[in-house]
Amino acid sequence: MRPAVLTGEYFMTGDVACAEGALAAGCRFFGGYPITPATEIAEHISGRLPEVGGTFIQMEDEIAAIASVIGASCAGVKSMTATSGPGFSLMMENLGLAICTETPCVLVNVQRAGPSTGLPTQGAQGDMMQARWGSHGHYEIIALAPSSPQEIFYQTIDAFNLSETYRVPVLIMTDEMIGHLSERVVIPDAKTIQTVSRPSPKGRKDRFNPYEAGPNGVAPMAAAGEGYHIHVTGLTHDQRGYPVMTVEAQEWMMNQLVGKIRRNLDDIIRTEAYRLEDADIVIVSYGVSARTSLAAVDEARDQGIRAGLLRLITVWPFPESQIRELAKRVKGFLTVELNLGQMHLEVERCAAGRAPAFLVGHPGGTIIPPDDVIQALKEHF
Amino acid sequence: MTQANKGGQRQEIVFTGFGGQGIVLAGRILGKAAVIGDHRQSTLVQAYGPEARGGACSAQVIIADQAIHYPYVRRPDVLVCMSQAGFDKFIGQMKEGGTLLIDKDLVQPKGVSGDFFSIPSSRMAEELGRIMLANIIMLGFFTAVTGAVSVDAARDAVVKSVPKGTEEMNATAFNKGCDYGLAVLKGREKKASGKAGA
Chain A
0 MRPAVLTGEY FMTGDVACAE GALAAGCRFF GGYPITPATE IAEHISGRLP
50 EVGGTFIQME DEIAAIASVI GASCAGVKSM TATSGPGFSL MMENLGLAIC
100 TETPCVLVNV QRAGPSTGLP TQGAQGDMMQ ARWGSHGHYE IIALAPSSPQ
150 EIFYQTIDAF NLSETYRVPV LIMTDEMIGH LSERVVIPDA KTIQTVSRPS
200 PKGRKDRFNP YEAGPNGVAP MAAAGEGYHI HVTGLTHDQR GYPVMTVEAQ
250 EWMMNQLVGK IRRNLDDIIR TEAYRLEDAD IVIVSYGVSA RTSLAAVDEA
300 RDQGIRAGLL RLITVWPFPE SQIRELAKRV KGFLTVELNL GQMHLEVERC
350 AAGRAPAFLV GHPGGTIIPP DDVIQALKEH F
Chain B
0 MTQANKGGQR QEIVFTGFGG QGIVLAGRIL GKAAVIGDHR QSTLVQAYGP
50 EARGGACSAQ VIIADQAIHY PYVRRPDVLV CMSQAGFDKF IGQMKEGGTL
100 LIDKDLVQPK GVSGDFFSIP SSRMAEELGR IMLANIIMLG FFTAVTGAVS
150 VDAARDAVVK SVPKGTEEMN ATAFNKGCDY GLAVLKGREK KASGKAGA
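Chains as they are written, first to last, in numbering that gives the first Met the number 0: chain A, 0 to 380; chain B, 0 to 197.
If you are wondering where the hints come from, they were derived from the structure by calculation, not from laboratory data. It is possible that part of the hints are untrue.
In the EDC-like style, the derived pairs of lysine to aspartate or glutamate whose C-alpha atoms are separated by at most 20 Å in a straight line are [said to hold, decoys possible]:
{"hint": "1", "chain 1": "A", "residue 1": "Lys327", "chain 2": "A", "residue 2": "Asp279"}
{"hint": "2", "chain 1": "A", "residue 1": "Lys204", "chain 2": "A", "residue 2": "Asp237"}
{"hint": "3", "chain 1": "B", "residue 1": "Lys190", "chain 2": "B", "residue 2": "Asp178"}
{"hint": "4", "chain 1": "B", "residue 1": "Lys159", "chain 2": "A", "residue 2": "Glu8"}
{"hint": "5", "chain 1": "B", "residue 1": "Lys94", "chain 2": "A", "residue 2": "Glu8"}
{"hint": "6", "chain 1": "B", "residue 1": "Lys109", "chain 2": "B", "residue 2": "Asp87"}
Selected chain B positions facing chain A (Cβ under 10 Å, derived; list incomplete) [unchecked claim]:
{"hint": "7", "residue": "Gly26"}
{"hint": "8", "residue": "Ala156"}
{"hint": "9", "residue": "Leu184"}
{"hint": "10", "residue": "Arg187"}
Since we're looking at a predicted model, the values are computed, not measured. C-beta: ideal position from N, C-alpha, C; glycine also.
With these hints in hand, go ahead and build the complete structure from the sequences.
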């Protein structure tokens, strides 16, 4: 039996590194349904979870897969699922249930080209807006985008920590290229890995209000069966978790769901700057396209073009204030992504006309070569 | 090792053949050897499709000392072909002056005017009793000829990457390919010095 944290140096795919990151974060339940190119996450973790006392269930479809994850999390177990394309669409309704019931869980989307069945074996980044708005109603969500197998290992830990801290589903919006890319992955000593668990309740079990927020806007969470009075519903509810069909209850609940994220943006948002200090053109990118962009920045600099990269690590919430600040001093933005303009719209919105925003987009199935970025830099600036 | 391990030099390598030959495994072993054994940077991207089994298949490996930003091969420095379809598809992309390695029974290097290296890896694997060893023989040959990874790192990565119980057989296959490559290099050296002497 191997331990949960497989300390060592590996040549590993992104999908496998994601599964190992989940185990290191304390994930002990995976409910899934296989789908290319996310299957390797389920395949790998199905072998590993029994080694660490966890549970793997292959459900009948993706709707049930995320339902099982929400249920396991309500029972107090850190839980996750992984899917792609059509599976992500099927999970949208229950993603809303997890948001409304403030149930921590991690959902990995190894993006492939769509719409519909699309290109099952070839990657894209076309689900970025679906990640933000795919479930009905208004909400805030956290989504991360890793750019390497090493990063997906750490981001999966981070995803669990954020999810447990804020009682919100966290999406890992990776892509087929990163999922199937093999690279060096160093798994550190277990003692150096920081994990966070949901705030646990104190006080009388019969006077517990499961949705009464603590100081950071997040309510402590009791596990089902622990003895605390709990009630979990997708209906609009009050602090007790009971359905209340009033405007006031809707306003109160929405303020809690949205406020806990909006009031903690500084803690949640992560970006990385590459050669940005003296840049007058900002490339904005994430996931596999950030790899293209890193190479493009170096090649542009060699040609005397002062480009830098703002790499989105958190894609949602979007780093609005960073773009606004940059817009005051730079010549413009160039978003590089494997869709026909999604995060580009956010950049454009936040630049608000202070600096022009352009797009190097592609509908997916392949990666964007650095030359296309260089060409766009020359064309627009 | 005849050629020095090309430290400092970025190398882009494509392994190609048909699905089922272990092309991706060969690429994975190569990347592992570079990262774990030689402590360098490496990336592996595998061409992946529903049609892979029996169809054209490839593994793209980059080895470098610096961080590899863009992990896709643009112009291979080394092209290893274990099928005609793979050769036909990739030969046009190879860098000028790049190194071509082929399985001599499976690939006709049509239109190649320059130098290349060939080995009957599939035939040698059959002689060892297992056609499945052809990729490992080719990897040994590749290691000897290109020096892209060190022989020890590559052999170690082979042993650690194959199913339990087959380690010895695979190490033997690797050594056979490696020896074949060293003999080819030696023959060339002799020929070159003979020419120089004449």
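Against the structure, the hints come out as follows:
1. Among the hinted pairs, Lys327 (chain A) with Asp279 (chain A) is consistent with the structure: their alpha-carbon atoms are about 11 Å apart, no more than 20 Å.
2. This hinted pair checks out: Lys204 (chain A) and Asp237 (chain A) have alpha carbons roughly 18 Å apart, not beyond 20 Å.
3. Simply put, Lys190 (chain B) and Asp178 (chain B) have alpha-carbon atoms about 18 Å apart, close enough for the 20 Å limit, and the pair holds.
4. For the suggested pair Lys159 (chain B) and Glu8 (chain A), the alpha carbons sit about 13 Å apart, so the restraint of at most 20 Å is met.
5. Under the criterion of a C-alpha separation no larger than 20 Å, the hint pairing Lys94 (chain B) with Glu8 (chain A) is inconsistent with the structure, at around 32 Å.
6. Under the criterion of a C-alpha separation no larger than 20 Å, the hint pairing Lys109 (chain B) with Asp87 (chain B) is consistent with the structure, at around 9 Å.
7. Given the 10 Å rule on beta carbons, the hint for Gly26 (chain B) holds: about 8 Å separates it from the nearest Cβ of chain A.
8. Here the hint on Ala156 (chain B) is kept, as its CB sits about 8 Å from the closest CB of chain A, short of 10 Å.
9. Of the supplied interface hints, the one on Leu184 (chain B) is violated, with its beta-carbon coming no nearer than about 27 Å to a beta-carbon of chain A, more than 10 Å.
10. Of the supplied interface hints, the one on Arg187 (chain B) is violated, with its beta-carbon coming no nearer than about 32 Å to a beta-carbon of chain A, more than 10 Å.
Of the numbered hints listed earlier, those contradicted by the structure are 5, 9, 10.
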